[in-house]
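Please arrange chain Z on chain G, whose structure you already have, making use of the hints.
Listed here are the chains, written in short residue letters.
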Amino acid sequence: MRQIFLFVSVVTLMLGTMSCYGQTNKKENAQAIKTLNINVYYFHFTHRCSTCLAVEENARKAVEELYPGEVKAGTYTFTSINLDEAKFKELADKLGVGGQTLLVVRGEKKIDITSEGFMNANDLDKIKAEIKSTIEKILL
Amino acid sequence: MDVLKHIIENSQYSAIIAFILGLMTAISPCPLATNISAIGFISREITDRKRVFFSGLIYTLGRAISYTALALILFFGASQMNISRLFQGWGEKVLGPLLIIIGLFMLDVLKIKFPGLSALTEKIGNKGKGSYGSTLLLGIVFALAFCPYSGVLYFAMLIPMTIASAGGLYLPVIFAMATGLPVIIFAWLIAYAVGSVGKVYNHIKIFELWFRRVVAVLFIGVGIYYLIRLFI
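From first to last, the protein sequence lines are chains G and Z. Note that our numbering has the first sequence beginning at 1, numbered continuously upward. Note that our numbering has the second sequence beginning at 1, numbered continuously upward.
For reference, chain G alone in the conformation it holds in the complex:
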């Protein structure tokens, strides 16, 4: 009887440990997937020029049209961030952003395409090409 009780205890303990390990593993995997997501950020201030608005509109369109599946799944995102809002200060500090910036981020990697974005603000095709090549580069 004592032996049966000992056996059941050991099996229960093992199962518990395994399920805990499984959960940790799942969490780690989710974390890894999350950090490897592609995030395209457009940082701006409250007051914006017409070119600045065009950059946001076309960059958003580019991401959504180039990667509809990934955007739907949430693995590729486009986020517009107002630097005048205090809640975004931490993110801006982390990414080293001080002004209007168009940034492609994947984990610890980031590529600044502000210059290209503003030069082609009104040309959706060129912005698409720029974002596509940048994402290909950051995926390497």
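Don't take every hint at face value.
DSSO-like cross-link-like pairs, simulated, lysine-lysine; straight-line CA separation at most 27 angstroms [stated by the list, open to error]:
1) G:Lys-110 - G:Lys-128
2) G:Lys-72 - G:Lys-126
3) G:Lys-87 - Z:Lys-93
4) G:Lys-128 - G:Lys-72
5) G:Lys-89 - G:Lys-61
6) G:Lys-89 - Z:Lys-93
7) Z:Lys-93 - G:Lys-94
8) G:Lys-110 - G:Lys-94
9) G:Lys-126 - G:Lys-87
Hints were generated in silico from the structure; no laboratory data involved. Only a predicted model underlies this, so the values are computations on that prediction, with no experimental measurement involved.
Leaving out everything else, chain Z in the frame of chain G:
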């Protein structure tokens, strides 16, 4: 603008790129307003064409001082993030009230001495035939008022080229020359055209007085324009 962008995309010379970026800054809507104010300001001594032309150069020198000083600060390791956030975030907000105060000083409406502010506004708003100092100061101040688009042209495009190596530190000067070019040309043209009219009517002093008042109202108008842009 498209032509200028085309030149930038196809140019391999950073000096040409800096010049085109300066021209793009000069004609973009927001700095254009400060440049129009500057044209009015340096044309106020309209009958002296030579002086107007030199004022245009001095104004451009003022802009060059600001752009180069900022570039040097960044070159010697200041955080580009903090400097950029400070000027892009605050430049435009300070400009509107400052232009209105200068305009009011020029109109003689304001005579109160503000500690700290008075030296700046009085010098710029000085009604008499002042030195070139006020024009230089105007160039320095206007250059620091970065608008959303000009902020990107300077901080995101010119600065990376400039601080990449010590050899690039001359680029802000070329950029400044281009930003001041329309001011030099228009101020001189106005002085040339209107100056002749003034001489014909032989009422130069009265004309200058009224022209100065127009410039003051222009400053206030542009200042209000900036304030409205911020709150709408």
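Going down the list of hints, with the structure as the test:
About 18 angstroms separates the Cα atoms of G:Lys-110 and G:Lys-128, which keeps this hinted pair within 27 angstroms; it holds. Using a Cα cut-off of 27 angstroms, the hinted pair G:Lys-72 and G:Lys-126 holds, with the two alpha carbons roughly 23 angstroms apart. With a C-alpha separation of about 21 angstroms, the suggested pair G:Lys-87 and Z:Lys-93 falls inside the 27 angstroms cut-off, and the hint holds. At most 27 angstroms may separate the alpha-carbon atoms for a hinted pair to count; G:Lys-128 and G:Lys-72 meet this at roughly 18 angstroms.
Straight-line distance between C-alpha atoms of G:Lys-89 and G:Lys-61 comes to about 26 angstroms, which keeps the hinted pair within the 27 angstroms bound. A C-alpha spacing of about 19 angstroms is found between G:Lys-89 and Z:Lys-93, which places the hinted pair at or below 27 angstroms, so the restraint holds. Taking the CA atoms of Z:Lys-93 and G:Lys-94, the gap is about 26 angstroms. The hint holds against a cut of 27 angstroms. Only pairs whose Cα atoms come within 27 angstroms are accepted, and G:Lys-110 paired with G:Lys-94 is accepted, the gap being roughly 11 angstroms.
In summary, the hint linking G:Lys-126 to G:Lys-87 is not supported, as the alpha carbons are separated by about 32 angstroms, beyond the 27 angstroms threshold.
When held up to the earlier numbered hints, the structure conflicts with hint 9 and nothing else.
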